[in-house]
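Asks: Sequence:
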Amino acid sequence: MKIKLIAPHEHRADALSSPFKFQRVNLPLLAALTPPGHTITIVEEAHAPDNVDQDVDLVGITVLTELALRAYHIADTYRKKGVKVVMGGMHPTVLPDEALQHADAVVVGEAEGVWPQLVSDAASGQMQKMYRAGKMTDLKGLPRPRRELFPGSNGKGFIPVPIGIETSRGCPNDCEFCCIGSTLGKQYRVRPVHEVIAEIESIESPHLFFVDDALGLNRDAAKELFTEMIPLRKRWLAQGTVSLAEDKELLSLMKRSGCLGLLIGFESVQKATQNEVKKIKNLKIDFYEAMRRFHGEGFGILGSFVFGFDYENKDVFEQTLEFIMRSHMDVVQLRVLTPYPGTRLYTRLLSEGRLFSRDWWLRGYP
Numbered sequence: 092m093k094i095k096l097i098a099p100h101e102h103r104a105d106a107l108s109s110p111f112k113f114q115r116v117n118l119p120l121l122a123a124l125t126p127p128g129h130t131i132t133i134v135e136e137a138h139a140p141d142n143v144d145q146d147v148d149l150v151g152i153t154v155l156t157e158l159a160l161r162a163y164h165i166a167d168t169y170r171k172k173g174v175k176v177v178m179g180g181m182h183p184t185v186l187p188d189e190a191l192q193h194a195d196a197v198v199v200g201e202a203e204g205v206w207p208q209l210v211s212d213a214a215s216g217q218m219q220k221m222y223r224a225g226k227m228t229d230l231k232g233l234p235r236p237r238r239e240l241f242p243g244s245n246g247k248g249f250i251p252v253p254i255g256i257e258t259s260r261g262c263p264n265d266c267e268f269c270c271i272g273s274t275l276g277k278q279y280r281v282r283p284v285h286e287v288i289a290e291i292e293s294i295e296s297p298h299l300f301f302v303d304d305a306l307g308l309n310r311d312a313a314k315e316l317f318t319e320m321i322p323l324r325k326r327w328l329a330q331g332t333v334s335l336a337e338d339k340e341l342l343s344l345m346k347r348s349g350c351l352g353l354l355i356g357f358e359s360v361q362k363a364t365q366n367e368v369k370k371i372k373n374l375k376i377d378f379y380e381a382m383r384r385f386h387g388e389g390f391g392i393l394g395s396f397v398f399g400f401d402y403e404n405k406d407v408f409e410q411t412l413e414f415i416m417r418s419h420m421d422v423v424q425l426r427v428l429t430p431y432p433g434t435r436l437y438t439r440l441l442s443e444g445r446l447f448s449r450d451w452w453l454r455g456y457p
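Count along the sequence shown from 1, add 91, and you get the number used in my numbering.
Don't read these hints as lab results, they were simulated from the structure.
The beta carbon of each residue, even a glycine, is placed where N, CA and C say it ideally should be.
Take these hints with a grain of salt, some might be off.
Distance windows between CB atoms, simulated [said to hold, decoys possible]:
| # | residue 1 | residue 2 | range |
| --- | --- | --- | --- |
| 1 | Lys-277 | Gly-128 | 14 to 22 Å |
| 2 | Met-221 | Arg-449 | 31 to 39 Å |
| 3 | Phe-408 | Met-92 | 16 to 24 Å |
| 4 | Met-92 | Glu-337 | 45 to 53 Å |
| 5 | Lys-339 | Arg-449 | 40 to 48 Å |
| 6 | Pro-140 | Gly-389 | 51 to 59 Å |
| 7 | Asp-144 | His-285 | 16 to 24 Å |
| 8 | Lys-226 | Ile-288 | 24 to 32 Å |
| 9 | Ser-448 | Arg-417 | 37 to 45 Å |
| 10 | Pro-126 | Glu-443 | 22 to 30 Å |
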């Protein structure tokens, strides 16, 4: 079969997007797990448009909630041409029946364990409507992602876009507004360090981005990884929690291994809200000290803040601005609290009658 794997992107001025781009991991990893005998094309709409006129037998689409409308449009276009479509990712995992209105098959959960069977079923004309991952993926022994399938991966087009690397999955914090726990699990799973190092050594580009939702929660594994990375002379970015700053030894190793900057979820500067956000509730240092330590190692910090928590008051805006200016924040990301399906926030607001729409993602929001 001719298989195309697509990561949608919405090219709108008001779209939830970022000028920062990187090579993702999930699609080339699925390509590596595809049984032999099939040809695969990867499309990243954030980097290059899709050609819907290409001859293709099966299209796989990874779907985030904020891009569900775009994903459904792509799926409908291919299905009208008689092409089979399968959807997976965060959104179909929590709303599989909705996704099935636009797809021939849906993967619920992590796809690694079911993808080879799905492809074989599709090739024999016996593809099922639903493929459920029976358990969380064992991150040990995963094949190396087929990054050569990215257009421009020969040195044109993506450079210096960082190459995505995954070292862990899951998050134990279970914040009310986040769906990581319900989709990737509350258990923090770590890839064997020697496998991550071998993968990094195979990448020619010096520019990396760790795609982990919470890099370094396992301190021992993180320190081992960064120690092994020091002689590799890479330069990397990542996202993590403020708690990284609690460990000075860890920060030093991050710097020596090539860390240039971090996206840090500060979420809120008000104490009442911090007490409700598990990942910052029990911090041993305050935000100002965390910023001093990050900047002390030379890290650029993109601080992410969310407005709209129930426990906030109107002073939060001035207080946030004051923290940003006094801490010399390098880049700022400001978001409105959004009830994503699959989160406890969505369930609570729905039960309290506070949602204007049960399916806001289908109505042009955010």
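Asks: If a hint holds in the structure, say so; if it doesn't, say that too.
Replies: To see whether the hints hold, each was checked on the structure:
1. For Lys-277 and Gly-128, the hinted distance range of 14 to 22 Å is not satisfied, since their beta carbons lie about 38 Å from each other.
2. Distance hint for Met-221 and Arg-449: a CB-CB separation of about 22 Å, inconsistent with the stated range 31 to 39 Å.
3. Between Phe-408 and Met-92 the CB atoms are about 53 Å apart, so this pair departs from the stated range of 16 to 24 Å.
4. Between Met-92 and Glu-337 the beta carbon distance is about 50 Å. The supplied range of 45 to 53 Å therefore holds.
5. Lys-339 and Arg-449 have their C-beta atoms about 47 Å apart, which keeps the hinted 40 to 48 Å range intact.
6. Checked against the given bound of 51 to 59 Å, the beta carbons of Pro-140 and Gly-389, roughly 38 Å apart, lie outside it.
7. Take Asp-144 and His-285: their Cβ atoms lie about 44 Å apart, and the range 16 to 24 Å is violated.
8. Our hint of 24 to 32 Å for Lys-226 and Ile-288 holds, since their Cβ atoms are close to 26 Å apart.
9. For Ser-448 and Arg-417, the Cβ-Cβ distance of about 38 Å falls inside the hinted range of 37 to 45 Å, so the restraint holds.
10. The supplied range of 22 to 30 Å is broken by Pro-126 and Glu-443, whose beta-carbon atoms lie about 48 Å from each other.
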